[in-house]
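Chemist: Residue strings, one per chain:
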Amino acid sequence: MDMTKRARFHIFYTLRYLRYGLLLCLVPMVRALIVFDLPALFLALWQGLSILLLCAAAAAYLWWFTGFWVADGCVLIERGLVLRHCSTYKKESIAVLDLQRPLYCRLFGAARLTLYFKNYAAPKKVLLYLPNKAAQRVANVLMPVREGASVFAPTGFDRLALTMLSANVLTTALFVYVGAQRVSELLGEDLRVLFERAQQNFARFESFFAQFLPAGLAMMTALLFGLASVTFLHAFFQTAGLRVCRNGGVIICRGGVLTKTERRIAVQSISACDVRVTPAARLLGRYPLYVQAGSFAGGDFPLMVYKRSSPHTPEALLTGFRTPDAPLCEPARKSIWQYIGLPCACLALTLALCGVAFAGLPAVLPVLCVPLVLSIGCLAQSFEGYCKEGVCKNKNRTLALWYTRFFTRHEVCVFTPDVSYTVFQSPFGLNQGYASFTLHLPGGARLRARGMTQYAANHLPFTL
Amino acid sequence: MTIRVSRRAAALISSWFMLAGLVVSVLFWSRWFVQTLLCVLLWCAVCMLLGTLYVSSYRVFAGRHHLSVRHGLLFSVVHRVPRRFVTGYYILSSPLQRRTGSCVLVLLYSGGLLVIPGAPLEDAEALTEQLAENSAG
Numbered sequence: 050m051d052m053t054k055r056a057r058f059h060i061f062y063t064l065r066y067l068r069y070g071l072l073l074c075l076v077p078m079v080r081a082l083i084v085f086d087l088p089a090l091f092l093a094l095w096q097g098l099s100i101l102l103l104c105a106a107a108a109a110y111l112w113w114f115t116g117f118w119v120a121d122g123c124v125l126i127e128r129g130l131v132l133r134h135c136s137t138y139k140k141e142s143i144a145v146l147d148l149q150r151p152l153y154c155r156l157f158g159a160a161r162l163t164l165y166f167k168n169y170a171a172p173k174k175v176l177l178y179l180p181n182k183a184a185q186r187v188a189n190v191l192m193p194v195r196e197g198a199s200v201f202a203p204t205g206f207d208r209l210a211l212t213m214l215s216a217n218v219l220t221t222a223l224f225v226y227v228g229a230q231r232v233s234e235l236l237g238e239d240l241r242v243l244f245e246r247a248q249q250n251f252a253r254f255e256s257f258f259a260q261f262l263p264a265g266l267a268m269m270t271a272l273l274f275g276l277a278s279v280t281f282l283h284a285f286f287q288t289a290g291l292r293v294c295r296n297g298g299v300i301i302c303r304g305g306v307l308t309k310t311e312r313r314i315a316v317q318s319i320s321a322c323d324v325r326v327t328p329a330a331r332l333l334g335r336y337p338l339y340v341q342a343g344s345f346a347g348g349d350f351p352l353m354v355y356k357r358s359s360p361h362t363p364e365a366l367l368t369g370f371r372t373p374d375a376p377l378c379e380p381a382r383k384s385i386w387q388y389i390g391l392p393c394a395c396l397a398l399t400l401a402l403c404g405v406a407f408a409g410l411p412a413v414l415p416v417l418c419v420p421l422v423l424s425i426g427c428l429a430q431s432f433e434g435y436c437k438e439g440v441c442k443n444k445n446r447t448l449a450l451w452y453t454r455f456f457t458r459h460e461v462c463v464f465t466p467d468v469s470y471t472v473f474q475s476p477f478g479l480n481q482g483y484a485s486f487t488l489h490l491p492g493g494a495r496l497r498a499r500g501m502t503q504y505a506a507n508h509l510p511f512t513l
Numbered sequence: 171m172t173i174r175v176s177r178r179a180a181a182l183i184s185s186w187f188m189l190a191g192l193v194v195s196v197l198f199w200s201r202w203f204v205q206t207l208l209c210v211l212l213w214c215a216v217c218m219l220l221g222t223l224y225v226s227s228y229r230v231f232a233g234r235h236h237l238s239v240r241h242g243l244l245f246s247v248v249h250r251v252p253r254r255f256v257t258g259y260y261i262l263s264s265p266l267q268r269r270t271g272s273c274v275l276v277l278l279y280s281g282g283l284l285v286i287p288g289a290p291l292e293d294a295e296a297l298t299e300q301l302a303e304n305s306a307g
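Quick note, the sequences are listed as chains A and B, same order. Under the working numbering, the first residue of the first sequence carries the number 50, and numbering increases by one thereafter. Under the working numbering, the first residue of the second sequence carries the number 171, and numbering increases by one thereafter.
In short, the hints are calculated from the structure, not lab data. Treat the hints with care, since some could be wrong.
Unchecked claim - Examples of chain A residues toward chain B, derived with CB under 7 Å:
#1 Asn168
#2 Pro172
#3 Leu398
Stated by the list, open to error - Here are some of the chain A residues that sit facing chain B, going by a computed Cβ distance under 8 Å:
#4 Asp467
#5 Tyr470
#6 Thr471
#7 Gln474
#8 Pro476
Backbone N, C-alpha and C fix where the C-beta goes; we use that ideal spot for every residue, glycine too.
With the sequences and hints as input, model every part of the structure.
Modeler: Written out as structure tokens, the structure is:
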């Protein structure tokens with residue numbers, strides 16, 4: 050296939066237009082289902098079918114007039130029916146190229162190519178559905194790679210740690226909830242039976258936990274266990290066979306079973322790397338490392354996981370990586386309430402609830418232990434932030450910035466000199482000489498460290 | 171080079187917010203005339219007093235290597251951007267602003283954008299010329 054000639058996207062490109070049609074169809078159907086009006090439902094079905102057909106015809110027409118080609122190291126995309134416009138994306142402006150082949154795409158020979166750009170400009174990323182071979186060729190033209198020795202190919206305990214650290218219970222919970230809502234809107238009555246069966250199974254699962262836990266706590270444990278299982282399974286498939294290598298100024302990351310992922314990151318566009326010290330990471334003794342490059346904010350799984358006892362491991366992948374040369378802050382000059390104010394309020398509220406429950410509703414007390422433990426954890430994490438959060442310039446011209454959010458400590462190493470910053474001072478901060486420091490990275494990412502001394506914040510050099 | 175925002179230019183910017191409030195209030199005039207009138211008067215007073223004071227607190231210091239933008243009344247905010255990474259700029263001015271010699275200066279850099287409302291037109295043009303010369307040199 051000659052890439053210099055104009056070619057069409059994969060037919061999957063039409064999905065973006067069809068989803069609007071699907072929305073238009075679903076609204077009358079849901080309304081008919083709510084009032085349980087069967088003739089109206091059939092009418093809505095026919096109406097929906099005609100809307101879908103119309104949308105499919107319009108999408109196919111648009112698809113026919115949309116094309117792409119590669120010339121002089123640029124991708125050119127031509128869109129539009131009446132007003133035609135041609136977008137040109139230069140090879141040099143691309144920071145990350147993400148080639149994904151989910152199962153549904155592989156069945157139809159398609160691939161999903163996402164281009165992330167270096168600077169803060171519209172668009173931040175471009176998503177293309179291309180035929181598989183064309184996607185591979187476009188990727189090779191824009192970011193050519195040669196295979197090298199693997200820097201990170203986890204096995205054994207590292208593999209387990211990677212799976213556990215890639216899992217995100219909150220995202221999965223939200224995804225499962227939204228997914229269930231949408232499917233229930235689509236299938237209606239059939240799914241209700243399915244949900245009832247799932248509820249029955251969940252009740253059995255809950256009764257198993259209820260043998261050795263109080264009733265409310267058993268339900269929460271069962272729910273958490275179910276969610277964690279789904280999350281770990283998703284993370285396991287996503288990171289299966291993960292292999293990371295670096296060659297020719299590009300970091301290549303390949304892996305996945307159901308969704309095959311190939312991520313190419315231009316090393317010169319990496320603005321920072323973020324080591325996320327989560328409670329799970331502390332328990333496992335392994336830290337996950339995410340990379341920020343332009344508008345790419347780290348993705349859904351870490352680039353590598355390394356042992357806490359060997360903090361210099363990431364240097365094999367990112368040569369400039371460095372742990373802070375000096376302490377990042379002076380806790381004595383900070384305001385402790387800036388850190389622990391909110392967690393203390395949460396803890397006080399939970400304790401008050403526990404007190405009320407102890408007096409009036411002792412049965413609820415075990416359930417309230419969960420927010421109590423979470424509040425104490427959050428308070429401990431905030432205190433760690435008070436002791437460790439700050440900024441420091443390293444001798445190798447990188448910038449170390451540590452900050453804490455909820456239960457995670459982020460240890461960021463900034464490589465790029467292309468940064469700007471904001472110093473924010475409240476009247477209390479002005480009086481005591483501390484300020485909040487926000488670093489702006491290329492692509493729009495912002496990192497905030499609280500309680501930095503005013504002098505250090507105002508005199509941080511740009512020439513990193 | 172230091173750019174300061176004059177009170178007159180700041181009042182002009184505040185009047186945009188005042189106008190926006192008036193437009194929104196059109197929805198409520200017919201039902202709650204007295205209450206809406208009171209709210210509108212309060213909004214206009216807040217815009218003219220606090221808004222003008224806030225906008226006139228903007229200062230731009232153009233150093234050799236970086237630009238600093240300072241603003242805020244109670245809460246002080248300072249933005250610092252290296253000059254070599256300023257990638258573009260806009261100068262926006264309404265007819266009234268052109269009469270008063272002010273504008274809205276928007277500076278683009280790789281991590282976002284900086285807006286300086288009510289900057290003097292002459293100073294804004296001088297600064298953008300300097301930035302253009304820097305990037306050319």
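Chemist: Hints first: check each against the structure and report whether it holds.
Modeler: Okay, the hints, checked on the actual structure:
Against a cut-off of 7 Å between C-beta atoms, the interface hint on Asn168/A holds, since the closest Cβ of chain B lies about 5 Å away. At about 15 Å, the closest approach between the beta carbon of Pro172/A and any beta carbon in chain B exceeds 7 Å, and the interface hint on this residue is violated. Look at Leu398/A: its Cβ only gets to about 27 Å from chain B, farther than 7 Å, so that hint breaks. Look at Asp467/A: its Cβ gets to within about 5 Å of chain B, closer than 8 Å, so that hint holds up.
With 8 Å as the threshold, the beta carbon of Tyr470/A comes within range of chain B, its nearest partner Cβ sitting at about 6 Å, so the hint holds. Because the beta carbon of Thr471/A sits about 5 Å from the nearest beta carbon in chain B, less than 8 Å, this interface hint is met. Interface hint status for Gln474/A: upheld, as the beta-carbon distance to the closest one in chain B is roughly 5 Å, under 8 Å. The interface hint given for Pro476/A holds, since its Cβ lies 6 Å from the closest Cβ of chain B, which is under the 8 Å cut-off.
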